[in-house]
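From first to last, the protein sequence lines are chains S and G.
Its first residue numbered 1, the first sequence is counted upward by one per residue in my numbering.
Its first residue numbered 309, the second sequence is counted upward by one per residue in my numbering.
Any given hint could be a false lead.
Derived DEER-like restraints, expressed as beta-carbon distance ranges [what the hints assert, rightly or not]:
| id | chain 1 | residue 1 | chain 2 | residue 2 | range |
| --- | --- | --- | --- | --- | --- |
| 1 | S | T159 | G | D445 | 32 to 42 Å |
| 2 | G | V388 | S | P280 | 31 to 41 Å |
| 3 | G | Q513 | S | K298 | 16 to 26 Å |
| 4 | G | Q513 | S | L7 | 12 to 22 Å |
| 5 | S | G121 | G | D445 | 17 to 27 Å |
| 6 | G | H337 | S | L81 | 41 to 51 Å |
| 7 | S | K298 | G | L321 | 46 to 56 Å |
| 8 | G | Q513 | S | F74 | 48 to 58 Å |
Hints were generated in silico from the structure; no laboratory data involved.
Using N, Cα and C, we set each Cβ at its ideal position, and we do this for glycine too.
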Amino acid sequence: MDFGPHLFLALLEGSITAAVLALTAVGLSLVFGIMRVVNVAHGEFFMLGAVFAWWITSMLGAHPVLGFVLALLFAPLLVGLIAATTDYLILRRINYNPERTIVATIGVLYIIQQLTLMTFGPEARPVTAPFNKRIALPWFENGADGFTLIWPWGLGTTTYKLAVIVAAVVILLMLWLVLTRTKWGLIMRATQLNSDMATAHGIPVDKVYAMVFGLGAALAALGAVLVVPIQQAHYLMGADPLLLSFIVVIIGGLGSLLGTVVAAVFIGLSDGIISVFFSPTLAKILATLLVAFVLIFKPNGLFGKSAE
Amino acid sequence: MNQASKSFALHGLVAALLVLLYWVLPEYHSGNLARILVLAIYAMGYNLLFGYTGLLSLGHALFFAAGMYGLSLSLHWLDVSVVPAMLIAIAASIAISVCIGYLALRTTGVAFMIVTLMFAQAGYLTALYLGEYTRGDEGIVLKQADRVLFNIDLTQPDTRYFFALLIFTLCFFAIAYLVNSGFGRALVAIRENEERARMLGYNVQRLKLLAIITSGTLSGLSGACYALLFGYAGATFASVQYSIFPLLWVLLGGAGTTIGPLLGCAFMFYLIDLSSQFTTAYMLIAGICLVLLTLFAPHGLAGVIRKRFLPWLP
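This is chain S alone, in the form it adopts within the complex (with noise of 0.2 Å):
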């Protein structure tokens, strides 16, 4: 009972790490995508995604199942709404330029962790899960009297950890079918392709852009809320989920969604792994090395396609 079954709680561990992630980075690679400029708030709108989750079911004070039900219908709509406010009044005045973009965003980081600080102080505060049956893992032994099965072997994991994985599926499947058979959907890849054309063909270019920036926010607060009663809300929490996104998307080749998830999947699992095997900080820096040296040397991402 050593190597294998904490390899087997490392990788259940790094998958969820990585559907979370996957949401967060999938908003993130959507926004570059489509408007070509990189969102430096994006943890900010995560973070906010869980502030939002602990101040809806702390307030209602209901039942944990439908206090989380709302959490999940109403703190990425209202940050969703935040993102597009800040996209009307600040990105769309700079033409969205791509450097100015990036200081502006990180003008509003700073503006939406104080104003939390300020507001929601400084503890971490945590979210009761829906449901969180604890359930023991089960493994099998190839030992000295033939093949076992060993159940229960100490080590478990609970529901709602493995709901967080197939919500998190199921949430990207509909996002997948939004963009691809949809009009919207439509509309989005036409603003992508060309804006110019977008705009020549009545398409309302700036509602659009608007509107995936929220999407994008809504996403991240989305991961957020399913996190948030594994991991506690704290004003701070959006520094990793940003820098981790920001490895996946620029790995997985700037605005390829389906890139964007394979990465979130190989990250979340490594970084899972390393850190129950080795140090957090040291994955860490080869992590940011491995980006720096990425965009340096392969920079439309491993698993991007060639420049147009």
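Here the structure of chain S is known, so what remains is to put chain G in place on it, guided by the hints.
For chain G alone, kept in the frame of chain S given last:
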């Protein structure tokens, strides 16, 4: 008066004013001013790259921290005196800026910003990872006995102020000379139109690399002076926040002006100093400033002065 002598007079006037301020201001403010002068060197280094060459780096804290740790680690662990420690700090910042410049210049635009950010983040995490030597977030406090240069104790308010002012003035005049030299003009040409500068026969990659090295070395010098004068080196100075600060100072003061970094640095320092009396969320001010500056005044304070009143402002 021609432009060059006007510019020289202006720089001399600023330096003279700063000498006078020491006797005019109460001790609390002259202590602050010493800090501002040291940080303004950092901002001037950043401005050379951002304001004059047009390269936006989000990872200058790496160079600042290279100087800071170069000096304090050698004072703390190697038991050398201030002059060799300072030389080690400068050598460290040159070495790091050569490496980063060589690697990061293979990218342009947004990719350049992210690459510099990632390298700085890796540097910050390394400072935490090597906590045994750097003491991570807690940081190293330098002993008072170590902070003595040629028998001058740099921990006293007056020596500290004038040492900061001396280094600042040297850098101030050096930058003023540099940006009017052929090198500085070529950097501006790259900022305005890179293709055209290349067509005219400038070796753009080499000039950009030189700009990064000069800028990184000035930032490292500022980091080393900061550790020497205020006796502390911690991992916070390597964090993203300290990469954002010089950008903010330069944007606020006016990118591409010699006096802008000092103005922006002083303005921001007092803005944060005043607001932190009311709230712990003082970075809110920094955030609001960044957004307002990008929206309404992309040329900063000195940029406005240059546009409205003094078109010759260097």
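Evaluated hints:
Judged by the Cβ atoms, the range 32 to 42 Å given for T159/S and D445/G holds: they are separated by roughly 38 Å. At roughly 35 Å, the beta carbons of V388/G and P280/S sit within the given window of 31 to 41 Å. Against the hinted window of 16 to 26 Å, the Cβ-Cβ separation of Q513/G and K298/S comes to about 20 Å, which satisfies the hint. For Q513/G and L7/S, the hinted distance range of 12 to 22 Å is not satisfied, since their beta carbons lie about 46 Å from each other.
Between G121/S and D445/G the CB atoms are about 22 Å apart, so this pair conforms to the stated range of 17 to 27 Å. Range check, H337/G to L81/S: Cβ separation about 44 Å, and the 41 to 51 Å hint holds. Here the CB-CB span from K298/S to L321/G is close to 52 Å, well matched to the stated 46 to 56 Å. Under the hint 48 to 58 Å, the C-beta atoms of Q513/G and F74/S, about 52 Å apart, fit the expected range.
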